[in-house]
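Number of protein chains: 2
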Amino acid sequence: METEGYRFMDQSVHKVTLVPENRSVEVPAGITLREALSLLEVIVTAPCGGEGTCGKCTVKLENGSAGVTPLTSSERALLTSEQLSAGIRLSCLARVSGDTVVSVPPASRASEMRVLAGGKGRNVPVQPAVVKTVVVMPPQTLDEPYARLEHLRRCGALRADLRADLEMLRRIPAILEAGDHMTAVMHGNRLLDLQPGDTSGVCFGLALDLGTTTVVATLIDLTTGRDVARASMTNRQTAYGHDVVGRINLTIEKSDGLETLRRAALESLNRVTEQVVDRAGIRREDIYEATVVGNATMMHLFLGISPASLGKLPYIATVGDAVTAPADEVGLNLRPDTPVYVLPNIAGFVGADTVGAILATSLDEDDGRVRMMADIGTNCEIALRMGKRLIVTSTPAGPAFEGARIACGMYAAPGAIEEIKINGDVRCKTIGREPPRGLCGSGLVDACAELLRLGVVDWTGRMLPVTEHDGGLPRFLLDRLTAHENDLAFTLSQSDSGRPIVLTQRDFRELQLAKGAIRTGIDLLLEKAGLTVDDLDEFCVAGGFGNYLNEANAVRLGLLPRLPSGEIRFIGNGALVGAKLTLLSSVMRQTGEQVARQAEHLQIAGTPDFQMRFSEAMLFEPQT
Amino acid sequence: METEGYRFMDQSVHKVTLVPENRSVEVPAGITLREALSLLEVIVTAPCGGEGTCGKCTVKLENGSAGVTPLTSSERALLTSEQLSAGIRLSCLARVSGDTVVSVPPASRASEMRVLAGGKGRNVPVQPAVVKTVVVMPPQTLDEPYARLEHLRRCGALRADLRADLEMLRRIPAILEAGDHMTAVMHGNRLLDLQPGDTSGVCFGLALDLGTTTVVATLIDLTTGRDVARASMTNRQTAYGHDVVGRINLTIEKSDGLETLRRAALESLNRVTEQVVDRAGIRREDIYEATVVGNATMMHLFLGISPASLGKLPYIATVGDAVTAPADEVGLNLRPDTPVYVLPNIAGFVGADTVGAILATSLDEDDGRVRMMADIGTNCEIALRMGKRLIVTSTPAGPAFEGARIACGMYAAPGAIEEIKINGDVRCKTIGREPPRGLCGSGLVDACAELLRLGVVDWTGRMLPVTEHDGGLPRFLLDRLTAHENDLAFTLSQSDSGRPIVLTQRDFRELQLAKGAIRTGIDLLLEKAGLTVDDLDEFCVAGGFGNYLNEANAVRLGLLPRLPSGEIRFIGNGALVGAKLTLLSSVMRQTGEQVARQAEHLQIAGTPDFQMRFSEAMLFEPQT
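Protein sequences, first through last, are from chains A and B.
Each residue of the first sequence is one higher than the one before, starting from -5 at the first, in our numbering.
Each residue of the second sequence is one higher than the one before, starting from -5 at the first, in our numbering.
Misleading hints may appear alongside valid ones.
Because identical chains cannot be distinguished in the list, a pair is counted as satisfied if it fits within a single copy or across any two copies.
In silico EDC-like pairs for lysine to aspartate or glutamate, Cα to Cα no more than 20 Å straight-line [stated by the list, open to error]:
1) K306 x D137
2) K522 x D137
3) K306 x D174
No wet-lab data here; the hints were simulated from the structure.
All chains should be modelled from the sequences, with the hints used to inform the complete structure.
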């Protein structure tokens, strides 16, 4: 009987018992031991994805081999004779054919890690692409004519398909000469390094978010999955334009524009990397992998690929796939051969950052609920999960929430007003409790919502002059109505130097444009799926201001939908969480790539009545 | 019903008809169309090896889809809707379930090529790793938000798993900007280049043999499989020692020894490459791949990997696997990213050259016969095929056949005596019919065999002085017996300048050492398999002098076994034929890698009675 691809006519059910835990599960004949163990909540590590090629998902049969299918030829090839005689099997190949008792060696267990995103987050097995394995390599005899690399594979129980770049191959003889106790650093099936002694406890990864405005680095201990340090700073590219359009234009207008922007991004990324390395007190050489998220334009600029096609109809990326390239080619100051993994793009304006946010919110999975996620920035990306479908779109929200084009707007930096309550008086809370300097995104939302609620602004977004209020407005509000550069304005506060901090009519219009764009995106995406807001079970908000946004005010403005019974979750920087998930788990990486390939993309600007819908969405619900 | 991994309970037999050829074959239900077509002697191209991932093995169903299994999801993903509605299927996935009629589009047919090796050679489908595909890429619309690379894949029907290195990705936008008609150069799933217009007719490969003594380059037109030019020269490494041991020692004794030897090899290889490029009148940039053979030491030196471990017990290579590295890292003057494929080694002294010779002699296949191959050089590698077993060994033949340590020895260059007949007189034939300058390998064999036959030398290899012949030897032979540097010698001829060309007693001992080593290898390998010379159905001789060796003389000396009924075939440079086969056919490449992994290696020096066997093998059969 053939044992590869063994197929069961057998409909019986058998018991799989895990020792020493002594937990059992009844499973149908024919499922793999790895599947059975996952039912017992033990994730067996499988760098090859359970394809029977890496030889890492070993388990031990504790009461003989009667309850499992016969040895496959792959197992014979991948396991040593000692392992075979000790009852070791590959759990992705051995299938249940009777009652069986197994144990899982510690090395085969993938530890689980909860990665938080807005309080909830998701559980992932810690299974990074980079793995360190200790190898003791005794001298060879004449009876073992294997090449040194093959001997290393056998002694270290390394993957049978292990390979090494020429540079690494050239370094091997001297390293093997130095001693027989060493640590192999593997990236997938590639030998990244071979280090004297046991260095398996020291293994770091770097999750990078190259935002249009801000860059963030998180250093992660890949042996535990825990964050070790974080740093952020303004993207130095902002010196060349605040939005992606300006930057794309620079690459078209100036022959060195692409290189200028690439270097600016790298300066920022290398700076935050330096900071996390310093803060954690580690050696830069102990970082073995980096993952990078950002929107499609940022990813093109980072990789040095012209983003010109993203700047004109039909707005397409040059590369949508995930890209892995060595650090020295990319320009990151890490070990030259460190793999840098750039998450895939879905479409020109739905980039790697959205894939990251989708992973952060588990939107890649169908959990039976209807869920939506909006990543709000200058560009707002929206994703909808409904059953097997995942539909995404993007809409140009504009830079209002980042302070641009707002009279007193500013980034969410110390001194920015981030909360406003108007109740008999105007109370402003600033970031870092510092004297007010301007208005950031969440403050803008609060200001607009409060002025709308109080009738300072009507449902069309018009700020009424004092003369039109005819007594309907309390004095303390009327007193704040003023003029600002030929525009009507409402004074919120004033700075240390006495400069008034105002919200102008034009600011309100900017908010309306942003809100109109976002709501049009949300509504058209729902329509595309044949749904309405009432069908939503959950709505996640990702993006810079996510954590600080006043939910009631955002709903009042119509920026966020009013969910009948569901939940609005603020998850903060979902893109960065995604970068972290793909750094921690190869499975998440595959999932992200699948998302990029399979998501349906809705081009809302192409919707026939888009313009009309957009104008309508700029208006507000009548206030009661 | 599940269609992936569709399994047949059905025992029926169906007819598959190929049109327009109108040939048919009856096949069991369940085999793939590709398998069925191979029975009709049509090889359908499948760069992915028939794994259903490349989408290239298209065939067309000519009378509907009733006779084949339903569409798989992979086919849905890889074929366009136009293809699907035209009845196009992937022949590695569609399985026979009834009578069916198919046609094979020209693009899907792998052309066959006979690669000669000693008159016979083997047929291989021309299926190089490098493939050029013409792509016409119309502009995209808003409804096709695919990244440019994805659009390229779809328009060119390129592999779904196509990827490009960062350097290539950076070049893509400008190339696509320049026009919509282009040619994609693919190496496996990797995009090597994208060229304006249709360049598909221009595609060359380079097969390189880095011998210890000689380097050879053959330029091959990958669109037809034909040789275009060939060049050879002495390996410049010979300036640093004539055998591998001397070169290994140089790398140990001098800190720059490895680099010196690497550069010397590269100078020679780059020189012969220049010559073939000039002779063929092509552009160097049109070479898209190189394959390289040589012994394990040469391959290590070529790659810049220390061969030190090959120079001491237990004589092991650092790397045994096939290595693919870009030309610029390797140091070959080709396009910087040209993949250079180095064939795998079996053991320290059974290298890539032997793998090549095994492919050249089809020894990788079990054809039911018992076959042996010996590649005779300074080191002699021997391989034995018997049923499912392939056993290899190596034995130090010494440099006698290359002229070293022979009084009047020389390489097989113009003026070398390559044939000798003694019959009433001594007649010598030289290479190029030039005046005699010395003795090359085949001349040495002839000289020794004739002297043995005539009794000038006895069965122990002792050259008898004139005084011991007491009348048994004709006068013309006795007259030629003389002394040469305190040694007995036999004068064969004389040079233009009157210098005698002799064979000395010591030369004869050198031949005996070489012959003893080779025969011990042959005999012990046969013994290991439980066979004798009488079981051999075929014996192939590869190596520099193969084509010119007098078979009867080699058998007389016992250098080659006396086959009862079988055939001795001289195949010349089998290693180079192997390099060519792997350049022409990805299948041959996989086969070579399998050979390297699966061949059993016999370390004859480790055989207990090796020394005694070796001494015995130095003697000759009594001459009649």
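Going down the list of hints, with the structure as the test:
Taking CA atoms no more than 20 Å apart as the test, K306 paired with D137 passes between copies only; the shortest distance there is 14 Å, against 66 Å inside one copy. In this assembly of identical chains, K522 and D137 lie within 20 Å of each other by CA distance solely across copies; the values are 15 Å between and 68 Å within a copy. Proximity of K306 to D174 under the C-alpha cut-off of 20 Å is restricted to the inter-copy arrangement: shortest distance 18 Å between copies versus 58 Å within a copy.
Checked against the numbered hints given earlier, this structure breaks none of them.
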